[in-house]
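Peer 1: Residue numbers (the UniProt record's numbering), protein chains in the order written: chain A, 1 to 337; chain B, 1 to 337.
Warning: the hint list may mix true and false statements.
With beta-carbon atoms standing in for the labels, derived distance ranges [what the hints assert, rightly or not]:
| # | chain 1 | residue 1 | chain 2 | residue 2 | range |
| --- | --- | --- | --- | --- | --- |
| 1 | A | Q94 | B | E42 | 45 to 53 Å |
| 2 | B | Y18 | A | K98 | 41 to 49 Å |
| 3 | B | D136 | A | G251 | 13 to 21 Å |
| 4 | B | D136 | A | N21 | 55 to 63 Å |
No wet-lab data here; the hints were simulated from the structure.
Here a beta-carbon is modelled for each residue, glycine too, at the ideal position from N, C-alpha and C.
2 protein chains.
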Amino acid sequence: MKKLWLVYVLLIGIFIVYVLNYKLQAQSTEPWDTTGLRGNIEDTYVMVTFQSGIDYWKSVLKGFEDGAEELNVSVEYHGSTQHDANEQMTVLEQVIAKKPAGIAISAVNSKLLTATINKAVESGIPVVLFDSGAPDSKAYSFLGTDNYNAGIEAARTMAELTDAKGAVAIVTTLDQHNHQERTDGFRDTITSEYPQMTVVALEDGRGDQVYSRQAAEWVLSQYPDLAGIFATESNGGIGVAEAVEAYKGKGSSPRIISFDTDKGTLDLVKEGTISATMAQGTWNMGYWSLMELFQLHRGLADEPSAYSHNELLPVPDKVDTGIDVVTRANVDQYYAQ
Amino acid sequence: MKKLWLVYVLLIGIFIVYVLNYKLQAQSTEPWDTTGLRGNIEDTYVMVTFQSGIDYWKSVLKGFEDGAEELNVSVEYHGSTQHDANEQMTVLEQVIAKKPAGIAISAVNSKLLTATINKAVESGIPVVLFDSGAPDSKAYSFLGTDNYNAGIEAARTMAELTDAKGAVAIVTTLDQHNHQERTDGFRDTITSEYPQMTVVALEDGRGDQVYSRQAAEWVLSQYPDLAGIFATESNGGIGVAEAVEAYKGKGSSPRIISFDTDKGTLDLVKEGTISATMAQGTWNMGYWSLMELFQLHRGLADEPSAYSHNELLPVPDKVDTGIDVVTRANVDQYYAQ
Numbered sequence: 001m002k003k004l005w006l007v008y009v010l011l012i013g014i015f016i017v018y019v020l021n022y023k024l025q026a027q028s029t030e031p032w033d034t035t036g037l038r039g040n041i042e043d044t045y046v047m048v049t050f051q052s053g054i055d056y057w058k059s060v061l062k063g064f065e066d067g068a069e070e071l072n073v074s075v076e077y078h079g080s081t082q083h084d085a086n087e088q089m090t091v092l093e094q095v096i097a098k099k100p101a102g103i104a105i106s107a108v109n110s111k112l113l114t115a116t117i118n119k120a121v122e123s124g125i126p127v128v129l130f131d132s133g134a135p136d137s138k139a140y141s142f143l144g145t146d147n148y149n150a151g152i153e154a155a156r157t158m159a160e161l162t163d164a165k166g167a168v169a170i171v172t173t174l175d176q177h178n179h180q181e182r183t184d185g186f187r188d189t190i191t192s193e194y195p196q197m198t199v200v201a202l203e204d205g206r207g208d209q210v211y212s213r214q215a216a217e218w219v220l221s222q223y224p225d226l227a228g229i230f231a232t233e234s235n236g237g238i239g240v241a242e243a244v245e246a247y248k249g250k251g252s253s254p255r256i257i258s259f260d261t262d263k264g265t266l267d268l269v270k271e272g273t274i275s276a277t278m279a280q281g282t283w284n285m286g287y288w289s290l291m292e293l294f295q296l297h298r299g300l301a302d303e304p305s306a307y308s309h310n311e312l313l314p315v316p317d318k319v320d321t322g323i324d325v326v327t328r329a330n331v332d333q334y335y336a337q
Numbered sequence: 001m002k003k004l005w006l007v008y009v010l011l012i013g014i015f016i017v018y019v020l021n022y023k024l025q026a027q028s029t030e031p032w033d034t035t036g037l038r039g040n041i042e043d044t045y046v047m048v049t050f051q052s053g054i055d056y057w058k059s060v061l062k063g064f065e066d067g068a069e070e071l072n073v074s075v076e077y078h079g080s081t082q083h084d085a086n087e088q089m090t091v092l093e094q095v096i097a098k099k100p101a102g103i104a105i106s107a108v109n110s111k112l113l114t115a116t117i118n119k120a121v122e123s124g125i126p127v128v129l130f131d132s133g134a135p136d137s138k139a140y141s142f143l144g145t146d147n148y149n150a151g152i153e154a155a156r157t158m159a160e161l162t163d164a165k166g167a168v169a170i171v172t173t174l175d176q177h178n179h180q181e182r183t184d185g186f187r188d189t190i191t192s193e194y195p196q197m198t199v200v201a202l203e204d205g206r207g208d209q210v211y212s213r214q215a216a217e218w219v220l221s222q223y224p225d226l227a228g229i230f231a232t233e234s235n236g237g238i239g240v241a242e243a244v245e246a247y248k249g250k251g252s253s254p255r256i257i258s259f260d261t262d263k264g265t266l267d268l269v270k271e272g273t274i275s276a277t278m279a280q281g282t283w284n285m286g287y288w289s290l291m292e293l294f295q296l297h298r299g300l301a302d303e304p305s306a307y308s309h310n311e312l313l314p315v316p317d318k319v320d321t322g323i324d325v326v327t328r329a330n331v332d333q334y335y336a337q
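Chain A on its own, in the form it takes in the complex (with noise of 0.2 Å):
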């Protein structure tokens, strides 16, 4: 009884440990390991803005993490505290000394961030640009909005809102690329495809709230029948919001649009005030800005020198990340973000 109670004890302790041995083969079978895109937890990708502080960098840094968290990499986040240079400069610098696996960066200034720029990408390092590029840098890849085609669907909505009728108005910041590109997208579509519509004034609002709405009080003053005001940027919008309030009664009540989804923009959106505001594809920026960085890395990996010549690179040269058109009617889900 006893030899047979051994035996018996034996035949099943060998079965489960090859029932066990065998699932753990079946598992190590599974190709987990080499197909499925997936880094090493170890590798850091950073992100580096201007005006690190403020609320449009945060889902251009989801996107970022999103994209982290499916690869198994890490990510940092750093920038310049402020709108400067010469700071930023400071923080790349610091951040190509860790040797990060990528870097994707907003330059506050095109020209002077182009040298340590450079130097990143020439020490290996893979570099992207978003939402503010570099175009004579070294970096591989740009991601940000179309600002002319934005310009283009703000116009389109105006005519929408106008009925493609009436004489319209551009609140802009005067010295910025981005904002004259938004400028000329609206300009250029209100006069080709609007015969009804007429571009009647270009202010400046320097980006500032008082000065956009002392702008947009002295063209309501000149144009009582004024259809529209197209704000190229969120405090000139909300300047602009305060003066037409201010205004009712008094003449027309021109439709706003404005730029950009921060809270003040998306309040005004809601009770109406702005009747849209248009959203630049932020988390596009971040996640996309990952992808492309992981596919770099993984190309310098296997051979250091592979994109020395910024032939045959395996990213684009350039992303449109997007617009959408923010109104009443799809505003709550822009706060979420």
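On the provided structure of chain A, position chain B as indicated by the hints.
Peer 2: Okay, now just chain B, sitting in the frame of chain A:
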């Protein structure tokens, strides 16, 4: 003795079971199945082209397949055999009927294909367009060459080849929009950036080798001092090369810049008859199309109506897949594609 032996066997058995089980659990808690981008091999992503047999698509398909392999999903390739919108529409209908996880399509005719593309999107299949778009369709994204920018690059390359001096000509295909954009980018850049260069002729080569040869012969007869010719597509480039070869010794030896990287063109670059050709980012078109479709498919799987208003899309609006300049110095790596 026997009892002791039995105890040993039991202890060893329990120990082995414990170790194996521990290893098994350790593997299971590895986050392979929760992080890491990895799809389902049963999800099929379909690439649809026209003139499906031509070399041009090979590198696009390679990018599409590379992406699918990394993400553990399946790929099919379909297309009309001819340059025929009705045939491509039928192919697309058949693809839609199989309810694939996503479709990347290059539209032979943007207007005629729009309704069928919209049908796919409305039935919940993610669609992106590559190489040749359908801007008025509901497709989520376009990935392709910025042809105006390609013209700029060609102009700058021409300026390098000719020391930025002299008369240059363009041989193009007048009725195709992308060729018009290449022409405009080239002409605008020569005019604005190179005061000592002039575009003296713009000829229609009809995308045909013989017509392009004749066009180039005519230009050479009119401008014996011609410094260069830009052919906006590859058949034309080969025709122009024939004309210039036949003209040798009779006047100047104009530099030729062509487009694309088919074997005929690369051979002429290698032997020096064509000085440079503009390579499109075809691998990027395929790879990043797959990445975008994968991303869209996941979102729609989670929430079928997620992108019905085209808002907050998790993919870029437009991707410029880039342009590389191929010369004798780097021509060899383009044969491999």
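Peer 1: All hints are to be evaluated individually against the structure, with a verdict given for each.
Peer 2: Taking the hints in turn, this is what the structure says about them:
1. A:Q94 with B:E42: 45 to 53 Å: holds (47 Å)
2. B:Y18 with A:K98: 41 to 49 Å: holds (42 Å)
3. B:D136 with A:G251: 13 to 21 Å: violated (38 Å)
4. B:D136 with A:N21: 55 to 63 Å: Holds - the Cβ-Cβ distance for B:D136 and A:N21, about 60 Å, lies within 55 to 63 Å.
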